[in-house]
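The hints should help you fit chain B with the ligands onto chain A, whose structure is shown.
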Amino acid sequence: MNGECVLEMKNVVKQYGDNLVLDGVSFKLFRGETKIIIGASGSGKSTILKLIMGLDRPDEGEILVEGQEIARLRESDLVAVRSKIGMVFQESALFDSLTVRENVAYQLYEDGIDDDKIEPKVRETLGFVGLEDAIDKMPSELSGGMKRRVALARALIGRPDIMLYDEPTAGLDPITSRKINELIIALRDIQGVTGVFVTHRLRDAFTLATEYATNGGSATTFHREGPLLCIANTRFLLLRDGKIIFEGPDELLRRSDDPYIKRFLA
Amino acid sequence: MPLTPKAAIKEVQDISSLAARTFISAFKRPLYLKDILIQMDLIGVGSLAVIVLTGFFTGAVLTLQTSKTLSTFGAIGFTGQLVAVSLVRELGPVLASLMVAGRVGSGIASELGSMLVTEQINAMRALGTDPIKKLVVPRVLATTTMLPILTVVADAVGVMGGLFIAVFVLHISSNLYLNSAWDALDYMDVVGGLLKPLVFGATVSLVGCYCGLRTHGGTQGVGRSTTQAVVASSILILVFNLILTRIILAYSQ
Ligand SMILES: Nc1ncnc2c1ncn2[C@@H]1O[C@H](COP(=O)(O)OP(=O)(O)O)[C@@H](O)[C@H]1O
Ligand SMILES: [Mg+2]
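Top to bottom, those sequences are chains A and B. Residue numbering for the first sequence follows my numbering, starting at 1 and increasing by one per position. Residue numbering for the second sequence follows my numbering, starting at 267 and increasing by one per position.
Chain A with its partners taken away, still in its complex shape:
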C-alpha cells in the first residue's frame, strides 16, 4: 500500500527483567490502514501498543509517529504525540471515581475547553457508540460491553488520527463483540481512522478483515467482501516469540503453510 506512513516501528526490542518480550519488531502503518496484531496471550501485543503510546520505552530501536521519533522523547514532550493517538485499554481502564460524562469529557477538560462546548461533544460521541442514556452512570453500573464502548468514546473525543484497540472484545459475548467490531469498522471505513487492533480472538480479527461499512444516507450498513471487492486496508501481523512471523492480508494468512500459523488458526 502506498500513501503516508503515520507510524513506524524499527527493530524494536523490549525486555522486562529477563523476559525478552519484543525481539526486533518492525512494521509500518499507512494512513487509513488498520493493522490487526494477533498472537497468543503474553506474546507482547499490549506491549507494542504501550510503546506506541509512549507509556513505556523500548530498550532498542525506533518508533516514529508521523515522522517523529518518540522512543527517547521527554515525558512532557510526549503529550503532543499522545494527543494524536487514542487508546482503548484491555480492561477499559475507565476512571472509576468519575461518571461516564466525566470519563468521556476528560481530555476536553484537560485541554481547558469551555464547559458549554464540552457537553454537546460528549453527547455526540456517546451517541456514536450508542450510549447517550448512560451519561450520568458510574462505571461500576455498566456492563463489560458498555464499559468498552465508553472507553472507545473517551479515546475518540479528541479526534485522534490513530486509534489503538487492545482486545476491545475480550470477555464479551458474540453479540456485544459484534457491536464493538462494527463501531471499529465504521471508524475505519467511514471516518478513515488509522488503527492498530490487537486481539487473540481470530473470529473478531477475521470480521474486521472481511467486512466493510458504507454510509447510505443516515444509516451505516455492513457488507462482507466478495469476489468483486476485497478489503485492502486491513492487514494482519502475527506475533510469536517477540518477532513478527507473518505480515499480510487475511487471504494469505489463511493459505499459509507455516505449521505454527496453521495450528494458530485451527
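The set of hints was computed from the structure by calculation and includes no laboratory data. A few of these clues could be false.
Subject to a maximum C-alpha distance of 25 Å in a straight line, what follows is the list of computed SDA-like cross-link-like pairs (lysine to any residue) [to be verified]:
(1) K399(B) x D77(A)
(2) K243(A) x P227(A)
(3) K294(B) x F95(A)
(4) K294(B) x M146(A)
(5) K300(B) x R101(A)
(6) K121(A) x K294(B)
(7) K137(A) x K294(B)
Below, chain B with the ligands alone, put in the same frame as chain A:
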C-alpha cells in the same frame, strides 16, 4: 523481596526522586485546585472523628498516669503542666500522624495501587495528564496542610480529656489544671508542635503515593502496597520524631 542494602538505597533514591518531582510539579501549571480541595476534605474532615477520639483518650490516660506519679512527690498541682507539654511536644503530633498514616496513607496507597493495576494511570497519561500533578501533588499538599491542623485539634481535645479526668476522677480544680497547662507551653513548643506534623504529613502522603505507584502483581499487590505504606510511614514518623525533637530541643535553650 529481600531488603538488601543495595535495594534499600534504591528505594530511598526512588522516593526522593518522587518527592523532588512532586515539589517541582506543585509550582507548575496546571494546578488541580478542585482535586486539592477534595483531598483536603477527605483527609482533614474525614480524619476528624479518629483524631478527636485519639486525643481525648490519650489526654485522659496521660492525666491518670501523671497524677499518680506526681502525687508521690506531693506535686499533683503540676499535672496540667506535664500533660500539656507531653501532648503538644510529642503525643499530639506523633499519635495524630500515626492515625493519619493508618487511615490516609493506606487509603492513598490502595487507591493509587488499584488505579495502577487497572491501567487507569496509563489511561490518564494517554489522555495527556501527568499523574504526579493530578494525583500525587493534591494528596501531598492536602495531607501536609491538614495534619498540623488535626494535630492542634488532637492537642486541644487531649487537654480537655485530661481536664475531664482531673475534675471528675482526681478532683483537681479545673482552674489549677488549665492554668498550669497553659503556663507550661512556650513559643518553641508551639513551633515544634506544628513543624513535626508538617514533616510527618509530607512523609505519610509521599510514602503512600510511592507505595501505590510501584504496585505490581495485580490486586494482591495492592494489599501488599497498602501494608507497606502504613508500616514504612509509621516507622519513618517515629525516626523523624526523634531527629526533630533533638533539633527542636537544641533551639529551645
Ligand atoms: N510492566 C511489566 N513488567 C514486567 N513484565 C511485564 C510488564 N508488562 C508486560 N510484561 C510481560 O511481558 C509479556 C507480554 O505482555 P503483554 O504485552 O501484556 O502480552 P499480550 O498483550 O500479548 O497478552 C508478558 O510475559 C508479561 O508478563
Ligand atoms: Mg494484552
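Structure-based check of each hint:
Taking the CA atoms of K399(B) and D77(A), the gap is near 16 Å; set against the 25 Å cutoff, the hint holds. For the given pair, K243(A) sits about 32 Å from P227(A) by alpha-carbon distance, which is inconsistent with the 25 Å threshold. Taken as a hint, the K294(B) and F95(A) pair is honoured in the structure, with Cα atoms around 24 Å apart against an allowance of 25 Å. The straight-line distance between the Cα atoms of K294(B) and M146(A) is roughly 36 Å, outside the 25 Å bound, and the hint therefore fails.
A C-alpha spacing of about 17 Å is found between K300(B) and R101(A), which places the hinted pair at or below 25 Å, so the restraint holds. For the given pair, K121(A) sits about 29 Å from K294(B) by alpha-carbon distance, which is inconsistent with the 25 Å threshold. A hinted pair counts as satisfied when its Cα atoms are at most 25 Å apart, and K137(A) with K294(B) does not qualify at roughly 33 Å.
The structure fails to meet hints 2, 4, 6 and 7 from the earlier list, while all remaining hints are met.
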